[in-house]
Amino acid sequence: MTSEAALLVLACALSTAAVKAAGPIAFGGRPLPGPVAAVVGLLAPALLAALVVTQALADGQRLAIGPDTAGVALAGIGAWKGASVIVCVLIAGAVTALLRLLA
Amino acid sequence: MPDAPNRSDAAVRASLRAGLRAGVPFALAGGLLSLSFGVLAEGAGLGAPAAILMAAIVFAGSAQFAAVGIIAAGGGIGTAVVVATLVNSRFLPMGVALAPYLSGGPLRRAIQGQAVVDASWALARDADGHFDRHFLFGCTAVQYATWVPGTVVGALVGGGLIDPDALGLDAIFPAVFLVLLISELGGLRNRGVALGGALIAIALVPLAPSGVPVVAASLAALYGLRGRDR
Numbered sequence: 813m814t815s816e817a818a819l820l821v822l823a824c825a826l827s828t829a830a831v832k833a834a835g836p837i838a839f840g841g842r843p844l845p846g847p848v849a850a851v852v853g854l855l856a857p858a859l860l861a862a863l864v865v866t867q868a869l870a871d872g873q874r875l876a877i878g879p880d881t882a883g884v885a886l887a888g889i890g891a892w893k894g895a896s897v898i899v900c901v902l903i904a905g906a907v908t909a910l911l912r913l914l915a
Numbered sequence: 274m275p276d277a278p279n280r281s282d283a284a285v286r287a288s289l290r291a292g293l294r295a296g297v298p299f300a301l302a303g304g305l306l307s308l309s310f311g312v313l314a315e316g317a318g319l320g321a322p323a324a325i326l327m328a329a330i331v332f333a334g335s336a337q338f339a340a341v342g343i344i345a346a347g348g349g350i351g352t353a354v355v356v357a358t359l360v361n362s363r364f365l366p367m368g369v370a371l372a373p374y375l376s377g378g379p380l381r382r383a384i385q386g387q388a389v390v391d392a393s394w395a396l397a398r399d400a401d402g403h404f405d406r407h408f409l410f411g412c413t414a415v416q417y418a419t420w421v422p423g424t425v426v427g428a429l430v431g432g433g434l435i436d437p438d439a440l441g442l443d444a445i446f447p448a449v450f451l452v453l454l455i456s457e458l459g460g461l462r463n464r465g466v467a468l469g470g471a472l473i474a475i476a477l478v479p480l481a482p483s484g485v486p487v488v489a490a491s492l493a494a495l496y497g498l499r500g501r502d503r
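Chains as they are written, first to last, in the numbering used here: chain L, 813 to 915; chain Y, 274 to 503.
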């Protein structure tokens, strides 16, 4: 392992640990103040929606619709219809792979 | 309220087991994702040992991909670490939401907070936003158990035999998040907030560095302040 690679890995590990530790250190052991609780209660739909669109509709800083967008959309329809996580993931991968093969 | 400090051992074990079970499909998807990380990281010149070490001690998929993407594009280590940190910044509000449900002093809570990964965090919440930390631990443990081996296989087998793009592996991550999102869409309020978060993120993609659009989408949750006292 080069020293650059080791530095990258260690720095990423430390930064990840610090980000994950910050909330529990600052807010632990007691109920959140009312307004904070009201906001964090709605974080999941906001963050998950953002993760989906930034990964399925963008390529770096460019908005881009591609085979993966179609794969993810069909997986979403599957999930909506009650398909299991694994089936949805297989749909996403298989549709994306197939469209790339045909392209 | 946080769960009682003295949960019975049986209740703790039941939560851990439920978390483990709920995490299995996400662990299988994560294993494939981690395999593609191993291939990409090895191809980016990181080398197999560093790629495997990164999976083992960073254990945050989107940050790992972002950091390796910067290196592969010829960027520096400093840039890669900054981008990885930005991509991880969503763990800040997620950690705040979880904090009241962790036990012990600050150090102990900080260690417990390391168990936050997206799927576990989303699944360990009940409909009222209360967390079951033991469920979270179980759910993350099973995902960790496939994460590291996935990268070992990807980094050692390498891009010669595995082409993550041709296999559509890049669609796994957003598909997993979409499944989790759909389970959060009960109720008009959650749908509105999801739409708001998606619009904020999309609007910022061309303007802001990687990771910022996602954490900025948290702003959509401010809708929770509206009509809180009614």
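No lab work stands behind these hints: they were computed from the structure. Quantities reported herein were computed from a predicted structural model and do not represent experimental measurements. There's no promise every hint is true.
Said to hold, decoys possible - One side of the interface only, derived from the structure: several residues of chain Y facing chain L at Cβ under 8 angstroms:
#1 372
#2 418
#3 452
Glycine included, C-beta positions come from ideal geometry on N, C-alpha and C.
Each hint tested on the structure:
no. : hint : in the structure
1   : 372  : holds, 4 angstroms
2   : 418  : violated, 16 angstroms
3   : 452  : holds, 5 angstroms
In terms of the numbered hints stated before, the structure departs from hint 2 and from no other.
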